[in-house]
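There are 2 protein chains.
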Amino acid sequence: MPQTSTQVILVNRPTGLPTSSDFEIRSQPVPEPAAGELVVANLYISLDPAMRGWMRDARSYVPPVGLGEVMRAGAVGRVLASRDPNFAEGDHVSGLLGVQSIACVPGKGLRKVDPKLAPLSAYLGVLGMPAMTAYFGLLEVGALAADDTVLVSGAAGAVGSMVGQIAKLKGARAVGLAGGPEKCQHLVNELGFDAAIDYKHDDVKAKIKATCPDRVNVYFDNVGGELLNIALTQLAMRARVVICGAISQYNHLEKIEGPSNYMSLLVSRARMEGFVVFDYAKRYDEASQQLGAWLSAGKLSYRETVIEGLDNFADSFAKLFTGDKLGKLVLKVG
Amino acid sequence: MPQTSTQVILVNRPTGLPTSSDFEIRSQPVPEPAAGELVVANLYISLDPAMRGWMRDARSYVPPVGLGEVMRAGAVGRVLASRDPNFAEGDHVSGLLGVQSIACVPGKGLRKVDPKLAPLSAYLGVLGMPAMTAYFGLLEVGALAADDTVLVSGAAGAVGSMVGQIAKLKGARAVGLAGGPEKCQHLVNELGFDAAIDYKHDDVKAKIKATCPDRVNVYFDNVGGELLNIALTQLAMRARVVICGAISQYNHLEKIEGPSNYMSLLVSRARMEGFVVFDYAKRYDEASQQLGAWLSAGKLSYRETVIEGLDNFADSFAKLFTGDKLGKLVLKVG
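If you read the sequences in order, they're chains A and B.
When you read off a place in the first sequence, starting at 1, and then add 274, the result is the number in the numbering used here.
When you read off a place in the second sequence, starting at 1, and then add 274, the result is the number in the numbering used here.
Misleading hints may appear alongside valid ones.
Identical chains share a label here; the pair holds if one copy fits it or two copies do between them.
As the list claims (entries may be wrong) - Here are the simulated DSS-like pairs of lysine-lysine, each with C-alpha atoms no more than 30 Å apart in a straight line:
1. K606 - K386
2. K593 - K474
3. K442 - K593
4. K529 - K479
5. K444 - K573
6. K382 - K606
7. K442 - K386
8. K573 - K483
Think of the hints as simulated: they come from the structure by calculation, not from any bench.
Produce the entire structure from the sequences given, and follow the hints as far as they go.
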């Protein structure tokens with residue numbers, strides 16, 4: 275049993291893109307677990323755009339991470355000690371274990387994962403929260419129908435790549451927005467999207483018109499900003515705009531850019547709806563089973579970008595916003 | 275039977291607030307009605323914010339009024355001649371009869387109205403499209419529940435005043451946003467709103483917090499702009515934002531202001547949905563019966579601002595945007 279945990283502590287509220295000066299690396303003694311608690315050795319830590327919001331001191335769906343606290347993050351790890359009867363030493367678990375090498379946390383809220391079914395890091399992506407987010411966001415909030423055309427932004431990311439694949443598995447058309455020809459080729463050639471739009475180089479509006487001739491029934495938005503604004507003009511009647519994230523806006527110093535074309539919601543009798551995957555916690559098992567079955571059957575592809583070392587947290591996290599990665603971004607504990 | 279119709283013709287696409295130079299008054303011979311058509315003497319013409327959109331050459335839920343065409347408007351009138359077996363000379367009808375003294379139009383799309391049940395002008399307001407808009411927007415799109423708090427902008431207008439009253443009749447709380455103390459007193463003292471907020475003089479955010487302590491379940495938006503943006507920050511969980519109009523933005527020369535706080539939809543798991551009352555045409559009778567019953571029982575109050583003379587169309591229409599009127603704005607044919 276290690277005596278100390280290496281922890282990434284939030285010490286400043288970032289302005290703009292977070293940098294290493296917003297965090298400190300500390301060694302802390304690992305406490306004795308109280309009743310109901312586990313000690314977990316983290317193996318892989320999930321880097322997600324939502325974490326940028328958790329660094330901000332504003333009303334949101336969860337309280338912000340406090341200054342001086344361990345940065346909140348999903349992770350997978352191995353149980354070193356357990357005082358929760360639902361978990362035993364040697365089990366593998368996933369949950370909000372934080373950006374640290376050793377976590378001492380309540381067992382409640384953790385889920386057991388099986389390293390024989392899939393590599394452990396997969397439980398942060400194709401079988402984890404990004405996949406759950408895509409699953410419930412597309413099927414429940416987006417109310418997907420088989421003859422729909424789905425347009426998704428951030429399509430080469432952990433959530434977006436699942437949105438497109440689930441849309442295809444359900445019989446719908448999928449068109450992805452991503453940055454650069456490499457990602458666009460990945461969407462079409464490896465993930466099976468019907469088309470991809472390179473927002474850095476293409477005329478986005480013209481390309482949506484060309485690839486979505488019956489307009490867009492579900493726009494799954496991870497990005498916000500100008501892509502959301504353009505997509506609003508291309509909605510089909512009674513379209514659903516799923517507000518999952520706004521990665522283009524999270525690091526804005528001034529107020530974020532609102533969608534000036536929102537009155538298209540009236541013209542198209544469409545709705546724009548926000549959601550938080552945590553609300554579907556009671557149905558995670560249902561989604562896990564479906565996703566696991568698809569993965570076992572070879573129907574889901576995924577990519578990971580894995581960076582090693584807690585020291586590299588801030589620089590790695592920035593790649594979510596610069597786009598300098600493909601698929602799920604994971605920090606491997608060194 | 276009059277030989278000529280005085281018609282208000284759209285001759286320019288207005289930039290900003292429409293003025294009399296955007297219209298011409300013409301006398302045209304009244305044609306012989308074809309099979310299925312009626313000749314109607316218009317008595318009252320409805321002035322509605324949506325008409326500003328119809329003057330614009332852009333994709334919308336109806337085609338724009340063409341240059342050189344009679345300006346589109348709802349109206350009530352008396353049938354002078356009918357070649358539609360559903361209507362007879364002397365009947366009173368409402369429908370899209372246009373800004374003109376005599377209309378020759380298909381009977382299809384017109385509705386008979388009864389001058390014994392209510393003054394004819396009421397069929398343009400408390401029993402007309404504004405009331406239908408409030409009824410279906412609030413109950414269907416807004417999915418009103420009895421314990422909801424409803425916030426409505428443009429609350430002293432034809433639609434907003436009905437939204438508040440219908441909310442109260444359904445057991446909900448109603449808070450209105452209006453411009454100036456006179457309108458605010460009218461909302462509370464005559465229409466029975468629980469509270470009114472004077473957006474011209476009050477601290478709107480603080481006043482919403484004070485008057486909606488459990489936050490806002492339904493925000494019925496007629497106004498757009500900064501009021502929408504503030505309201506988004508005050509939504510209750512699973513709130514519905516009903517996009518009915520954006521009167522603050524219709525005359526903007528540059529692109530309209532989008533709601534920069536739209537990510538509150540995610541924080542509150544809320545939806546923002548646009549609608550067009552015409553989609554509910556098959557259910558107009560249901561709404562008419564309910565509204566008529568409430569009116570007969572003395573449960574609905576309304577005000578009208580009536581201006582006489584087709585010559586005054588442009589100046590009268592501008593009052594919708596300057597706020598210089600109370601309740602339903604009507605043009606009486608001279």
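Quick rundown of the hints versus the structure:
For a Cα distance limit of 30 Å, the shortest separation of K606 from K386 inside one copy, 19 Å, qualifies, whereas the shortest one across copies, 73 Å, does not. In the homo-oligomer, the alpha carbons of K593 and K474 lie at most 30 Å apart inside one protomer (16 Å), although the nearest pairing across protomers, at 45 Å, exceeds that limit. Taking identical chains as interchangeable, the C-alpha atoms of K442 and K593 lie at most 30 Å apart only when both belong to the same chain, with a minimum of 28 Å there against 52 Å between chains. For a Cα distance limit of 30 Å, the shortest separation of K529 from K479 qualifies both inside one copy, at 25 Å, and across copies, at 17 Å.
In this homomeric assembly, K444 and K573 come within 30 Å of each other (Cα to Cα) only inside a single copy, at 12 Å, whereas the closest approach across copies is 50 Å. Taking the closest pair of Cα atoms, K382 and K606 come within 30 Å of each other only inside a single copy of the chain (24 Å); across copies the shortest separation is 69 Å, beyond that limit. Only within a single protomer do K442 and K386 lie at most 30 Å apart by alpha-carbon distance; the minimum there is 29 Å, versus 50 Å between protomers. Taking identical chains as interchangeable, the C-alpha atoms of K573 and K483 lie at most 30 Å apart only when both belong to the same chain, with a minimum of 29 Å there against 50 Å between chains.
The structure shown violates none of the earlier numbered hints.
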